[in-house]
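Q: Sequence:
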Amino acid sequence: MSYTAVCEVGDRFECLNAEVTVEDGVYRVKPRSAGPVVFKHSPKQRVICNGVRFNVGAWGGSLYTVWHPEGDHLDCISVEGRLVEVEEGVYIVTPTGSDLTDTVVDGYLVNVLRVLARGRPLFLLKGGSKAGGRLDNAVVVDQSIDDAVLDKIRDMLSVTAGGASTCLFNAVERRLISVEVIDGVVKGEVEAKCLGDDGVELR
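Each residue of the sequence shown is one higher than the last, beginning at 279 in this note's numbering.
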């Protein structure tokens with residue numbers, strides 16, 4: 279596999295064949311040509327991006343994380359800790375040395391979030407960087423996992439669903455609306471209109 283850019287991650291991101299900018303702790307990596315980007319980093323670090331898929335390998339005392347962007351750039355953060363897959367495509371990043379507890383994830387909520395994140399891998403960041411919350415596919419967990427995921431769903435629906443976000447969120451919180459309907463709203467195939475705070479009219 280050929281890579282379009284190679285980045286070394288320490289206190290900041292330094293990349294070859296890519297333009298790098300940073301805003302509020304999130305690094306935007308824009309390679310000069312389309313394709314995957316490889317990040318070299320220490321074994322304690324995890325590189326989380328908003329790409330469509332990733333894989334991690336080790337060589338010579340370093341880790342190498344390869345991210346495949348959906349468009350012409352990746353938005354990324356670096357955090358320290360263990361990376362544990364708790365179900366397919368859903369990962370918890372927890373500080374090294376901490377007890378790995380509370381790994382149960384509500385399947386319905388995760389599937390709603392997966393739709394809103396357009397199928398990207400999902401990362402639950404426990405005790406991690408607040409900047410992670412600025413990525414569509416990352417959730418900062420300062421409370422229970424379900425509460426944190428719900429907060430993320432609320433934020434993302436406010437962008438995706440506009441004026442229908444309140445009633446859609448209430449329906450999600452009460453498990454009254456299917457993941458397929460949310461998917462249709464995200465794709466623009468279903469139009470949602472609020473009937474008060476609780477009712478939803480679908481077209």
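Just to be clear, a hint being listed does not mean it is correct.
Said to hold, decoys possible - Distance condition first, Cα-Cα at most 27 Å in a straight line; then the derived DSSO-like pairs of lysine-lysine:
(1) 322 - 308
(2) 318 - 408
(3) 471 - 408
(4) 318 - 308
None of these hints come from the bench; they were simulated from the model.
Q: Run every hint past the structure and note whether it holds.
A: Evaluated hints:
1. 322 - 308: Judged against 27 Å, a Cα distance of about 25 Å means the pair holds.
2. 318 - 408: holds, 22 Å
3. 471 - 408: violated, 33 Å
4. 318 - 308: Answer holds: residue 318 to residue 308 is near 16 Å, not above 27 Å.
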